[in-house]
Amino acid sequence: MSRSPFEVKNIKPHAAHNSQGLLALPGNSKPALLCLSHLRWDFVYQRPQHLMSRFSKMFQVLFFEEPIASEGETAWLEVKMAHEDVRVLIPHIPAREIGTTGGTDLLRSLLDRYLMIADVDPILWYYTPMSLSFTDHINASLVVYDCMDELSAFLGAPPELLGYEKALFKKADIVFTGGYSLYDTKRKQHQNVHPIPSSVDTVHFGKARLVNEQPVDQANIAGPKIGFYGVIDERIDVALIREIATARPDWQLVMIGPIVKINPETLPRLPNIHYLGPKTYDELPVYLSGWKVALMPFAINQSTRFISPTKTPEYLAGGRPVVSTPIHDVVRMYGESELVLIAAESQAFIDSIEMALEAMENPAVISAKADSILRGMSWDKTWQKMYLQMEDKLQISPANAFLSKVSQTSPVLLGSS
28 MSRSPFEVKN
38 IKPHAAHNSQ
48 GLLALPGNSK
58 PALLCLSHLR
68 WDFVYQRPQH
78 LMSRFSKMFQ
88 VLFFEEPIAS
98 EGETAWLEVK
108 MAHEDVRVLI
118 PHIPAREIGT
128 TGGTDLLRSL
138 LDRYLMIADV
148 DPILWYYTPM
158 SLSFTDHINA
168 SLVVYDCMDE
178 LSAFLGAPPE
188 LLGYEKALFK
198 KADIVFTGGY
208 SLYDTKRKQH
218 QNVHPIPSSV
228 DTVHFGKARL
238 VNEQPVDQAN
248 IAGPKIGFYG
258 VIDERIDVAL
268 IREIATARPD
278 WQLVMIGPIV
288 KINPETLPRL
298 PNIHYLGPKT
308 YDELPVYLSG
318 WKVALMPFAI
328 NQSTRFISPT
338 KTPEYLAGGR
348 PVVSTPIHDV
358 VRMYGESELV
368 LIAAESQAFI
378 DSIEMALEAM
388 ENPAVISAKA
398 DSILRGMSWD
408 KTWQKMYLQM
418 EDKLQISPAN
428 AFLSKVSQTS
438 PVLLGSS
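Each position in the sequence shown, counted from 1, maps to that position plus 27 in the numbering used here.
Think of the hints as simulated: they come from the structure by calculation, not from any bench.
Being a predicted model, the structure only gives us computed values, none of them experimental.
Backbone N, C-alpha and C fix where the C-beta goes; we use that ideal spot for every residue, glycine too.
You can trust all of the hints, since none of them are fake.
Here are the simulated SDA-like cross-link-like pairs (lysine to any residue), alpha carbons at most 20 Å apart as the crow flies:
1. K197 with I165
2. K319 with T273
3. K197 with L178
4. K408 with Y72
5. K198 with P222
6. K288 with D69
7. K319 with D398
8. K306 with V71
9. K234 with V392
10. K420 with A167
11. K319 with M387
12. K198 with D419
13. K198 with D173
14. K252 with G284
15. K319 with E270
16. K234 with S394
17. K193 with Q216
18. K420 with I201
With beta-carbon atoms standing in for the labels, derived distance ranges:
19. A375 with E100: 54 to 64 Å
20. K193 with A375: 38 to 48 Å
21. E388 with R67: 34 to 44 Å
22. P390 with I125: 45 to 55 Å
23. K57 with P298: 45 to 55 Å
24. A371 with N290: 20 to 30 Å
Work out the full structure: start from the sequences and follow the hints.
Right, here's the structure in full:
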């Protein structure tokens, strides 16, 4: 039985949307923004979700994910409502076509048909240059490349990625980078590059400062808990994790997040290391509230050379001191802080954890210092800064008046999926 070229799935059970409403965007006067992402909306809530949730106040956001291999013979497009005026578009194409010229043609066809039915001419917002392979024909009024990571340095990066990025630099009107180290390298490749480090929702992560009833899987872990949350992949220094756990068996190392691109069997398995799996964005403050110290045990290698971890300000907003390896952007932005301790070697890392544990004997002081560091940081301000850079290219009402109105009357709601 053949499948319709579009399938609509609503992930907000309380909302009433019919198929035509999801596909055709009826009666919506907002311009469209097509976000082309290598990250899935439902994977780890981070920069793309924070920004697109806010941009949905001004745009109809179409969040186009990478394809999923389908068992059938027909390519089809799944459409889900993820947030008010954020539609997630998930292409399903036959498994044999993934990564082929035929697969690229199918992606282009699915997207073109959707845009035709929706009757929109979207702004293009790229997170992955690979999407240029099926969108290079779209003549958009504005093209933005938000380079949040050096994807070419990650394990499994396709060899053609750098070529597509070079082409994207020619197509893009504006380039944003997720940190200063990325800015230092990308500014040589485009005339309009702006460093926009990721920000933090201080109210959300501030919940970790409260006394919370602990989740069952963490409540059963006795002893001082020292934790990490994030993707567990080639960027994590697994040898460092093993050395910490071995040297201090009385410390409990809590590791939260999906394990991707590496063999789980290569991870250290000791009685005081606890892999609790992925958690939702809403759950993170509850887990963080049970930790004494937060870790960023990143390996120093090519894959971490340009990263700017969002979790640094999130940990601080939760009132937790941080111990990190010397990641360039962490050192640059937080290296002078008493709350973010930098250590390159395992013994220095252990000593820094000891210092952080001592500091946590007075959590009110930690929280006050964290508030001072984070003052003025918010995703709302980050989003506004990016939009103001876009305004000159957009033929819509002046941004300042609109953004002022938004900040006064329209609080941003996150996690609605």
